[in-house]
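Peer 1: Residue numbers (this note's numbering), protein chains in the order written: chain A, 1 to 287; chain B, 1 to 270.
FYI, nobody ran anything at the bench for these hints, they're computed from the structure.
Quick list of in silico lysine-lysine cross-link-like pairs, BS3-like style, CA-CA up to 25 Å: (1) 201(A) - 189(A); (2) 144(B) - 122(B); (3) 201(A) - 144(B); (4) 189(A) - 175(A); (5) 189(A) - 88(B); (6) 58(A) - 34(A); (7) 193(B) - 44(B); (8) 56(A) - 76(A); (9) 44(B) - 19(B); (10) 216(A) - 282(A); (11) 44(B) - 189(A); (12) 19(B) - 88(B); (13) 189(A) - 122(B); (14) 122(B) - 88(B); (15) 143(B) - 122(B); (16) 201(A) - 122(B); (17) 56(A) - 81(A); (18) 143(B) - 282(A); (19) 88(B) - 201(A); (20) 144(B) - 282(A); (21) 34(A) - 56(A); (22) 201(A) - 143(B); (23) 282(A) - 175(A); (24) 44(B) - 88(B); (25) 216(A) - 175(A); (26) 201(A) - 282(A); (27) 175(A) - 201(A).
Over the 10 Å line for every Cβ pair with chain A, so calculated as not near, a few chain B residues: (28) 177; (29) 231; (30) 235.
For each residue, glycine too, the CB sits at the ideal point set by N, CA and C.
Here's the letter readout for the chains.
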Amino acid sequence: MTRSILPILTVVAAIFVLWYGAAVWLNAAWAHDKAGRAGVELSFGELVADTWSQDKPKLPAPHQVAVELWDTTVEKKITSKRSLIYHSWVTLSATLLGFALGTVLGVGLAIGIVYNRVMDMSVMPWVIASQTIPILAIAPMIIVVLNAVGISGLLPKAIISMYLSFFPVVVGMVKGLRSPGVMQLDQMKTWNASASQTFWKLRLPSSMPYLFTSMKVAMAASLVGAIVGELPTGAVAGLGARLLAGSYYGQTIQIWSALLMAAALAAVMVALIGAIQRVTLKRMGMA
Amino acid sequence: MSRDRGDTGVTTETVISAKGLNLTFQTNDGPVHALRDVDLDINKGDFVSFIGPSGCGKTTFLRCMADLETPTGGSITVNGVSPEEARKSRAYGYVFQAAGLYPWRTIGRNVSLPLEIMGYPKSDIADRVQRVLELVDLAGFEKKFPWQLSGGMQQRASIARALAFDADILLMDEPFGALDEIVRDHLNEQLLKLWDRTDKTIAFVTHSIPEAVYLSTRIVVMSPRPGRITDVIESTLPRERPLDIRDTPEFLEIAHRVREGLRAGHAYDD
Chain A
1 MTRSILPILT VVAAIFVLWY GAAVWLNAAW AHDKAGRAGV ELSFGELVAD
51 TWSQDKPKLP APHQVAVELW DTTVEKKITS KRSLIYHSWV TLSATLLGFA
101 LGTVLGVGLA IGIVYNRVMD MSVMPWVIAS QTIPILAIAP MIIVVLNAVG
151 ISGLLPKAII SMYLSFFPVV VGMVKGLRSP GVMQLDQMKT WNASASQTFW
201 KLRLPSSMPY LFTSMKVAMA ASLVGAIVGE LPTGAVAGLG ARLLAGSYYG
251 QTIQIWSALL MAAALAAVMV ALIGAIQRVT LKRMGMA
Chain B
1 MSRDRGDTGV TTETVISAKG LNLTFQTNDG PVHALRDVDL DINKGDFVSF
51 IGPSGCGKTT FLRCMADLET PTGGSITVNG VSPEEARKSR AYGYVFQAAG
101 LYPWRTIGRN VSLPLEIMGY PKSDIADRVQ RVLELVDLAG FEKKFPWQLS
151 GGMQQRASIA RALAFDADIL LMDEPFGALD EIVRDHLNEQ LLKLWDRTDK
201 TIAFVTHSIP EAVYLSTRIV VMSPRPGRIT DVIESTLPRE RPLDIRDTPE
251 FLEIAHRVRE GLRAGHAYDD
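Kindly generate the complete structure, drawing on both the sequences and the hints.
Peer 2: Set out below in structure tokens:
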């Protein structure tokens, strides 16, 4: 752990340097504009100070985003419409539901593909084709269609999440369920094992490392799906709604804080799956 | 069919019987004759080794007995019934080249796997696991995971697994092929003892002439293209075989015959 601390800190420091530098560069035009209208000349120090403290900067400085994050998480009540925690939870609940649905759908399709010849020959091309459709194009359709049949709120967003997250699970689990070698399958045959015994005792345990790896990818995709699901609908709550509102009113600081929150959420969720993976595989003697 | 076995004088029965067995694989390069007109009877209590170069069909023949391959011609019976029926009645234990233990199961749970699949009662399973692990000198290792054991111990565990459900026939496909010479000698010795104690019928595929001669009551020499039996050598060695029997003239004489047989099968080959 200590061995990796220094390189990580180095990279983080480099990002901050670049970020602050870019903030000066991108926000300087507006600072000069203001100064020109006021008829004053800016020194370099004044210019930097201004570019790092504008209300609606092109690129907010890291500390501005940090202050906004602090204000909207710690300083606001969770029930408040301006609390980022509240919006995060709205998005996260759709993400988790979509992730669960996607994982179940993905595992189900994978089992079908591995055990059914017709599905093996026909399903995979459709699965791949489904992912070539831009999610931004199909998300509004899903929302509109589900709205028309009276379903709104959490479920439509979760379905968009599912749409993105089942894919890595199908691909990973087909590979995982097929990972037992010919010899292990022959061995099952010599014991006259039934198909379900072979599945529960050999194929499923063999696929565990694949399942966790694909679930990590699926979780990240699921979060993207939930946010995208909030964009086209004029949703009033969720990280996607914050992004959208921020872009309407030029609130770049709000956009960036929502972006960072989304990134942090994804990181925590993926790390959580990673922890479950480590414990499970260790208990199974596979890691 | 029955005949007398010289050393014991007990009437024996045929356990595995192949008559005019043929197996042709269709490949992109045309048909491959893996087995052609193979005739062989294996009697109860026999230890039969199959030896020959790669592609001679020795493993394919073993897989036919186990119903892992389907012959394209001729007939084969195991315990008087078809290999499929024999497999479904769990008449044989099969030991593969690799131990093939499940990494997520302990040694004990690996050995109990076939018993769980066959629906043995829980109390019986524990007893049986204990007994067969003792038989292969692995008592006390049931809580260990496979990666904690050496290759030789893993292969012993896989033999224990094949023995756990009391099949009278043991089919072994180069079970010691991947192990070093010293471990292999040790396991050969143990396998002979086990065979002697349990009176199982063993069909054993190998690449090694000394291994075949040391273990077998009969040695079946096979040759490739098409895969066929070229010689069947009855061993004159006693049932009791210490490792140094391999230096006796009798042993060397049989080994010589096996080598001759292998060479004859290759006479027209390049």
